[in-house]
Amino acid sequence: MNRKSPTRRDFLGKLLGAWSLLAAVPVGSMILQYLAPLKSKETLKESLRVAAVGDIEAGTAKIVRFNKEPVIVVHTGTGQFKAFSARCTHLGCIVKYDTDGGWPHLHCNCHGSEFDMNGKNVAGPAPKPLAPLKVSVQESSIIVSRV
Amino acid sequence: MVTIITSRHAIIQWLEDRVPLRSVVDYLSKKKVPRHKHSFWYYFGGLTLFFFIVQIITGILLSFYYKPSPSHAYESVQMIVNEVPHGWFIRSIHSWSANFMVGSLFIHMFSVFLMKAYRKPRELMWISGVLLMFLVLAFGFTGYLLPWDTMAYFATVIGTEVPKTLPIIGDWGVSLLKGSDEVGSETLTRMYSIHIIILPLSALVIMSFHLLLNQLLGSSIPRGTIEGGPPIRFFPNFMYRDLIAWTIGLISLLAIAIMLPWGLSDKADPLASAPLGIKPEWYFLPLYQTLRMAPATVFTLNGELIVNVVVGIVATFWFAIPFIDRKANRGQKSTAFTLLGIVLILYLATTILLAYTT
Numbered sequence: 518m519n520r521k522s523p524t525r526r527d528f529l530g531k532l533l534g535a536w537s538l539l540a541a542v543p544v545g546s547m548i549l550q551y552l553a554p555l556k557s558k559e560t561l562k563e564s565l566r567v568a569a570v571g572d573i574e575a576g577t578a579k580i581v582r583f584n585k586e587p588v589i590v591v592h593t594g595t596g597q598f599k600a601f602s603a604r605c606t607h608l609g610c611i612v613k614y615d616t617d618g619g620w621p622h623l624h625c626n627c628h629g630s631e632f633d634m635n636g637k638n639v640a641g642p643a644p645k646p647l648a649p650l651k652v653s654v655q656e657s658s659i660i661v662s663r664v
Numbered sequence: 335m336v337t338i339i340t341s342r343h344a345i346i347q348w349l350e351d352r353v354p355l356r357s358v359v360d361y362l363s364k365k366k367v368p369r370h371k372h373s374f375w376y377y378f379g380g381l382t383l384f385f386f387i388v389q390i391i392t393g394i395l396l397s398f399y400y401k402p403s404p405s406h407a408y409e410s411v412q413m414i415v416n417e418v419p420h421g422w423f424i425r426s427i428h429s430w431s432a433n434f435m436v437g438s439l440f441i442h443m444f445s446v447f448l449m450k451a452y453r454k455p456r457e458l459m460w461i462s463g464v465l466l467m468f469l470v471l472a473f474g475f476t477g478y479l480l481p482w483d484t485m486a487y488f489a490t491v492i493g494t495e496v497p498k499t500l501p502i503i504g505d506w507g508v509s510l511l512k513g514s515d516e517v518g519s520e521t522l523t524r525m526y527s528i529h530i531i532i533l534p535l536s537a538l539v540i541m542s543f544h545l546l547l548n549q550l551l552g553s554s555i556p557r558g559t560i561e562g563g564p565p566i567r568f569f570p571n572f573m574y575r576d577l578i579a580w581t582i583g584l585i586s587l588l589a590i591a592i593m594l595p596w597g598l599s600d601k602a603d604p605l606a607s608a609p610l611g612i613k614p615e616w617y618f619l620p621l622y623q624t625l626r627m628a629p630a631t632v633f634t635l636n637g638e639l640i641v642n643v644v645v646g647i648v649a650t651f652w653f654a655i656p657f658i659d660r661k662a663n664r665g666q667k668s669t670a671f672t673l674l675g676i677v678l679i680l681y682l683a684t685t686i687l688l689a690y691t692t
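Listed in order, the protein sequences are those of chains H and B.
To convert, note that position 37 of the first sequence is 554 in our numbering; the numbers rise steadily by one, no gaps.
To convert, note that position 249 of the second sequence is 583 in our numbering; the numbers rise steadily by one, no gaps.
Simulated from the structure, these hints should not be mistaken for laboratory data.
The beta-carbon is built from N, C-alpha and C at its ideal position, and this holds for glycine as well.
Only pairs whose alpha carbons sit at most 25 Å apart, straight line, appear in this in silico BS3-like list of lysine-lysine:
#1 H:Lys585 x B:Lys498
#2 H:Lys579 x B:Lys601
#3 B:Lys454 x B:Lys365
Rough simulated footprint, nothing fancy, chain B against chain H, three-plus residues with beta-carbon under 8 Å:
#4 579-591
#5 606-616
#6 619-631
#7 639-651
Turn these sequences into a full structure, and let the hints guide you.
Written out as structure tokens, the structure is:
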């Protein structure tokens, strides 16, 4: 077998190739770490005062930010308050309170998903119910808290 | 007079000695472009390049005033439109030209597909062309958020959520794109950076490769097509014809940019409900409509995940067309692929129409 022994140039070429590959790993990893979202320094709140009871009329809703998430607080026609994550479980659009069709529900304008007043997905492409939150009335204030 | 001509010749000679462009001109004037009944479709590649050049020029002009932050972006676009001299016109041209570019790119791509111009030895031209198509769509997506108006905001919320269902890379990829848990200031600066630096640089590299191959390999003649006369010289004959097409493109662009100035909806409010009738740009409507029609679950699998996987398979298949269509490579008629192209065009057209009408 006539096997040619590698020259110094071959060796240096292979060494350079291997070094480039090895160098790409830490460089790539560093860039990915740099681009990864920073961890939030905000501490999660247990509850939030949304509004005074009289501020949200019966049959209307208000959207507030609670722990960085949009939350929809609905004053149902029956005088009850209900709160859910306002982010549609399909593709993240903000839902709205709607009574079209004669029934109170939450509607997403983006792809037509609908949720009943228990947060359950009842129509459209949304795959999951809206996450519910606790609502209470304390000294005429509407308070939303984590479940 | 003689002195001026002599010194002009001296300057040309001086330049020629240092930048030997004459050999390039010689090469281009020897290059021939075939003439046949489908030659008309050749002009859409050049037209796409023309709209890309318009995008670069108007994009640079807009970047002098645009401020990429949620508290200033909308106001800076308003300023461009209302206060900066000719600002509304530059912005209108930029927005319309983006649509013209996507339109002529799609016509170019489907004409290449139906003429089977991807067959050997032009496989890499096809692959680089498909890559350019994805880059152009990425240009559209990243640029859409920049005005920070309601439509743009929710279109980006949806667009960045779509890949989330993909296993392993979905969540990670989306958070890398958004730079945060939600579409906010980090998302805007990332989109801006991608839109004005990463995409133009990538497009220039791939486009140069695509054009180089076009020069080296020439234009493909569809199988069984009878040439309608002797081929014409690329330089200057075909280039003059190309310039006529560019002029028609420019006149149409200017006319529409003046008659239908590009609008701006209300400033984005991340706590407002998505507006009624929200839709992405027309070239994303096939994906939008498919997602809309997909059921929430199919045999316990997430409907959105199924759409993502199908889109991924179709995209991979589209890249690999020159290697799958073996009949075209052997110079035979490949009716199945022609039908496939027609079905795809019909699907795109139907979903766009459905998205507008329902």
